[in-house]
Each structure stands twice: as C-alpha cells, then as structure tokens.
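Construct the complete structure from the given sequences, taking the supplied hints into account.
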Amino acid sequence: MSRTLFEKLWDAHQVARAGGNADYIYIDRMFLHERMGSVALRKVLDRGRRVRAPKQVYGTIDHIVDTRPGRGGERTQVPGGEVFIRAMRKGAERTGIHFYDLDDRRQGIVHVVAAEQGIALPGMTLVCPDSHTSTLGALGALCWGIGISEAEHALVTRTLKVARPQTMQVRFEGELGRGIGAKDLALHLIRSLGADGGRGCALEYAGSAVQGLDMSGRFTLCNMAVEFAAFSALIGFDDKTGDYVKNRTPSALDGTFSDWVSDPGAAFDRSAELDVSGLAPMVTWGTNPEQGVAIDEAVPSPLDCPDIEAAGGALHYMGLTPGERIQGKQIDYAFIGSCTNARIEDLRAAAEILRGRRIREGVQGVCVPGSSFTKRQAELEGLDRIFIDAGFEWRESGCSMCFYAGGESAPPGARSISTSNRNFEGRQGPGVRTHLAGPQTVAASAVRGRIADPREFLK
Amino acid sequence: MTPFEPLTGIAVPMPQPNIDTDAIIPSRAIRGIGREGLAEGLFANWRYLPGGLELNPGFVLNRPEYAGAQILLGGANFGCGSSREQAVWALQEFGFRAVIAPGFGDIFRRNCINNGLLPVVMPAEAVTAMARWVEEKPQWHKLRINLQAGSILPSEGCPAWLGETLHKTRIELDDDEREMLLRGIDPIDLTLRRLGDDLDEFEKRHLGKYWYLRNS
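Heads up: the protein sequence lines correspond to chains W and L, in order.
Here this note's numbering is used: position 413 in the first sequence is 1529, and no number is missing along the way.
Here this note's numbering is used: position 154 in the second sequence is 160, and no number is missing along the way.
Treat each hint with caution, since some may be false.
Derived list of chain W stretches under chain L, where covered just means 3 residues or more per stretch with a C-beta under 8 angstroms from a C-beta of chain L [claimed, not checked]:
(1) 1137-1148
(2) 1267-1274
(3) 1311-1323
(4) 1532-1541
Cross-link-like lysine-lysine pairs, in silico, BS3-like; alpha carbons within 30 angstroms at most [claimed, not checked]:
(5) Lys1362(W) / Lys1171(W)
(6) Lys1362(W) / Lys1124(W)
(7) Lys210(L) / Lys1171(W)
(8) Lys1362(W) / Lys215(L)
(9) Lys215(L) / Lys1171(W)
(10) Lys215(L) / Lys1124(W)
(11) Lys215(L) / Lys1356(W)
(12) Lys1362(W) / Lys210(L)
(13) Lys1575(W) / Lys1356(W)
(14) Lys1124(W) / Lys1171(W)
(15) Lys143(L) / Lys174(L)
(16) Lys1171(W) / Lys1356(W)
(17) Lys1124(W) / Lys1356(W)
(18) Lys1124(W) / Lys210(L)
(19) Lys1206(W) / Lys1171(W)
From the structure, some residues in chain W lie toward chain L, with a derived Cβ separation under 8 angstroms [unchecked claim]:
(20) Ala1132
(21) Pro1185
(22) Gly1186
(23) Gly1188
(24) Ala1203
(25) Gly1261
(26) Gly1263
(27) Ile1264
(28) Leu1369
(29) Asp1423
(30) Ala1426
(31) Gly1428
Hints in this document: simulated from the structure, not taken from any laboratory.
Don't be surprised by glycine CBs; every beta carbon is placed ideally from N, CA and C.
Structure follows, in structure tokens:
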C-alpha cells in the first residue's frame, strides 16, 4: 500500500501504541541548548535518572549567549543568563552528551548545526526543546519541537508519547522570480491559510517551486511550519538532499536514504496548492506571521482582516495606518540572522545586494551567521568584508536579536526589518516593531533606509 | 505533579487570538533554571506600565473583579510560538489551574498536560458564551470544572442558553492524559512501566538496522 513519507517515518519509529490516537515514538537523536536543555538535564540529574543514550544527544550554546565580537566564558547580555550557560556546561559534562561549547567551531544555532554537522539525517526522528526544530524536516526526517518535561522524558526513555498528527500536503507550483525565496513562500502560505492553518498536521511540501529550492531554502520553509501551527514539516529525499548529506555522513550510508519519500499515489488527509509563479517579496505588517502583504501592496484595513480587533491592535502597535504602502516605510534596524535565514546561502543572497553599497545612515545593521562554521565559511568567501564595508556589524553565531531576553534590543518604537521568524509584540524588545522578510528584502531595505523591493537591486 | 481536584473558580476572558508564549512570559522574565519566581513575569508586556512593575490598570488581569482568577478563557491558537515550558509554570504560579480555548499551540498544550495545568479545547462559540456570562459578574459567575465527570458547568444562576451550551460540551482528553491529570502520575514512570521489555526489543531491532544510532 502506498504510504506518505510521514507514515513511513512514523511506522519505522513506532515502539508501541499508547491508547487513543497516540503512540510511543522512538527518538533517534536529540539536540539541546542552554536556555531549555540545561533545565531538562538538571531535572534528569536531580531525580537521579540516567540519560539512556548520551552519545545520541548533542548540545550547544546559542539562545542567550552574547554575539558581539570577543565574547567568551559566560558573557551574556541577558540578566541571569550566566546561570543557564553554566548549567548547560555542567549538565553536558555530567551526562556525557556531545557538547559544542563557544570555542568549538561547530557551535551555532541548534537547527543550523544539526543539519550542517550531519546530526539530522533522512529517515530519523530528532527532537529539541525549541519550536523551530521542524527546520530539519527538509532532510526527510521527522523533527519537532518539545517542552522541557518532554525533553526530560526523551532523555531518560528515548521515546515520546505523541498524538499522531494528520498529514497535509502543501504544493507550491510555479517558477519563482529573481529576488523571491523560501521565506516569501512561507509568509505567503501563512497569510493565505492563517497562522493556525496547519493545526494538528505533519506537512509535506511539494511542487515545482519546492523542487527548485536549494537545501537552505527548504530548511527555511520547514522552519516556518510552526508559525503555521503545524506539528512539523517534511520534504521528500531527492538529489539535492543526497548531495547535501553526502559529505556529512559515513560513506557506508550513501544510497541508503532514497526510500524516504512519499510513494506515488499516497493519500494525504488534507492538501493545499498555491500558484506562486507571480509571487512578489513578502513583508509582514502586523504582530503575527499571518499578517503579511506583498511588497507592492498596501497595509490592509482591519475590516478586511479575519479578526478586526486583533488587526486594529496590531496596526496600532506597529504604528501603521490602513491603506498606506508598506514599501517606503522608514526603518531603524535590520537583522540578518536566526535559524530561519542565516545559512551560508542566505548570507550570500544578502551580500549580492550589499556588495559595493552602504546601508543608510541611521540604520543599525546586524548580521549574525547561523553557526560558527558558517561564519568561517563566509569569511573564507570574503562575505564578512561585504557586510562590514556596507556598514553591518559582523557577529559571532547565536540566536541574537531573533528574540529579546532582557539584553540587547532596539529602542522602543524602533522599526526593524528582520529575517527571523516571529513578529510578535515585544519579540525584539519592548515596543520594537518587527517586519519579517527574506534576506534580500532586509538587505535592500537596509540600503534604502526604508522597506524596499530587492528586485530593484537585481536588475 | 499535583492531582487535578474539582474546581469552582473565577474565570478571566482573554479572547484575542494567537496569544503566544512570548506574551505569556517574555524571555527576559526567565531568570533562573528553576520553575519558581516566574509569576511576576506573567503577561509582563501587558500587565505593567512601560518600563517598570507598576500595574497597568487597563489590563484585564489587574482588574479587581478578576482577582483570584483560576481559569483562563483564551482565544484561538492560545500558547502558539516558542516551546518555553516556563509559560505554563508562570500561569500555574500565578494561580491558574485550567485554560479553556478554541485551540492551543501544540507544544504549549503538551506542556500543560505534563505539569497538571488543564487545557480544555472547546468550540469558539462555547468559549465566547462563557466569557459573556462571566464578564457580567466575574466574582459570582464562576465555572465549575469536574475532570472526573468531564464537565464544565457554570455556577448557580446561569441563564438557560449557557447551561444548554455547556451541558453539550465535554472535556476532551485521551485516557492517559486524564489519568495523569487526575492522579498526578509522573509521565516518565508511566512510560517505563508500560513499555517494559517492548522498548528494549524495539531498540535492538531498530539499532540493528540503523547502526549509526547506537550509543557508542
């Protein structure tokens, strides 16, 4: 019988039924970070329990570590943050998990590192106490975000009890124009079907536009699945996946992954198809990822939004008027970073716009590579010079300004354009107004000092 | 985990959709690795006036009629966003025992179950109806939650239309979730007891095939 990729992954990891709609699922690998993983490790140790397979658990420091140059030790701008960094180091040491500390060139944002270092591979299950773990589904692996108690459970039992999600295929058809990328696809999807459009579903992305994306773009697309309320997201194995994992795995595994695709004719519980051939760069105007528009559109009236009150509140917070154009809105801050858009391909895409240009006076531009490995690679390619010459700060790797944790932020009321994944109120600092966009849109906007269409730079 | 006892409590409506875990507890309010000391940071961006800890009188939780609230009536997609379990810990430390909403962020909902905060999914119309009634006299119009019976009912004096709406609803949980909440069972103990040798047998087969996943 034809099975979807999700069904194959589920069947391969089903340890036992758990009653109702739930099963016990075997967890192949885990990734932990200092903000939540430290707490889970501490709970395991405090209760006198053991990590079942420490050599299949990886940890690093990304969430609250300082990303300014010259960092080290426990330096963080987050009040009380040192405690988390110390607890992560200690927990890793006492449990014997793999740990990439700040001086390790493999350090970086968990989901970037897990892909880059070949930790997540096709056919696996991997969990991490971070909601964007779905990123790794682009490899044809079942990966999802969990809480601290679940992390403790998975560390001790190497299983999780999981309610079986429905399957949903999302097809993006059409050829993407120049300057349009995976982030635009994701924002378009969430705008079209709503921030809870994928509720209860394991997504599988397909269609010609997805086939056309490189692995980096596929990670971006899967990353944003949680902003669509999906359980996780998947993309079936193909040549691009094969090329990506080839140098990251023991050679004995070459050619063993090709079955991690949906069978022809496999049935999905739900499906959606979006024609993206004429898609323009997307930018969010509100405080939820579904509140987005194409760059050449106007900010909508709350009356045209599903929830009038919420839309009105969002417009007020964002300092926008219904009917005004999003393009041309003056910005103060530009952030290129996060597990969504800080892989080497994202940095190259932004650099394509920034090369030989300067960002507008008064705009603070910050670039934070997704991993220390990516940072080095970018430096070998000379991308750091392009960013620095353009007036961007060139940082050490970490989550940085994707979220505010009491340390670094932009001033209240500042308008930020950001490659990150959440435009929630206060996400980048109290009163900070965040517009989500892809890396080329952020770079173009930094140069103009206003929200700008990257296609004008790519002619 | 503390067992979930029947509860008659004040309910506070927060009907806005997509209230995310950053809003429930901003990252800056998470200052220690324990689960204590988080209540102060609950809804910090809304609960306090900018720049300090002075209460914002306009925020619903600060209104005297909702003092002592134990039940939160949320909007669609409540608890979406970040996986931070501290959102649940903060709600509990503040005094909440149950959240009723048309839908929850997946991870938030699972975090609720694992900590004994009861998450109840109800149709939007039922939640709105409860909110409307509660708002009339929050300190008197309480909700009675009986997990054993699977029911949520208004305290006495409710209009017939609301009684009818609520009599039709049931608290939807799977059997394990219900048991865990009712008895305060530790989920790890439950899993280990239940899986027993099955886990070892599965693991042997699985790691035989996927040798690179062995613990070595």
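Lys1362(W) paired with Lys215(L) [C-alpha distance capped at 30 angstroms]: holds, 19 angstroms
Status of the Gly1186(W) interface restraint (C-beta, 8 angstroms, chain L): violated, 23 angstroms
Restraint check for Lys215(L) with Lys1356(W), where alpha carbons must lie at most 30 angstroms apart: Given pair Lys215(L), Lys1356(W) holds - Cα atoms ~24 angstroms apart, limit 30 angstroms.
30 angstroms Cα cutoff - pair Lys210(L), Lys1171(W): holds, 16 angstroms
Lys1171(W) paired with Lys1356(W) [C-alpha distance capped at 30 angstroms]: Answer holds: Lys1171(W) to Lys1356(W) is near 28 angstroms, not above 30 angstroms.
Given hint Lys1171(W) paired with Lys1124(W) - CA-CA distance at most 30 angstroms: Given pair Lys1124(W), Lys1171(W) holds - Cα atoms ~25 angstroms apart, limit 30 angstroms.
Pair hint Lys215(L) and Lys1171(W), alpha-carbon separation not exceeding 30 angstroms: With Cα atoms ~18 angstroms apart, Lys215(L) and Lys1171(W) stay inside 30 angstroms; holds.
Status of the Gly1263(W) interface restraint (C-beta, 8 angstroms, chain L): holds, 4 angstroms
Proposed interface contact between Gly1261(W) and chain L, which counts if any beta carbon pair is under 8 angstroms: With Cβ-Cβ at 5 angstroms, under 8 angstroms, it holds.
Agreement of Lys215(L) and Lys1124(W) with the hint, judged by alpha carbon distance not exceeding 30 angstroms: Given pair Lys215(L), Lys1124(W) holds - Cα atoms ~15 angstroms apart, limit 30 angstroms.
Holds or violated: Lys1124(W) to Lys210(L), with C-alpha atoms at most 30 angstroms apart: holds, 19 angstroms
Cβ contact check, 8 angstroms cutoff: the region 1311-1323 of chain W against chain L, three residues minimum: With 4 residues close enough to chain L, the hint holds.
Of the numbered hints listed earlier, those contradicted by the structure are 21, 22, 23 and 31.
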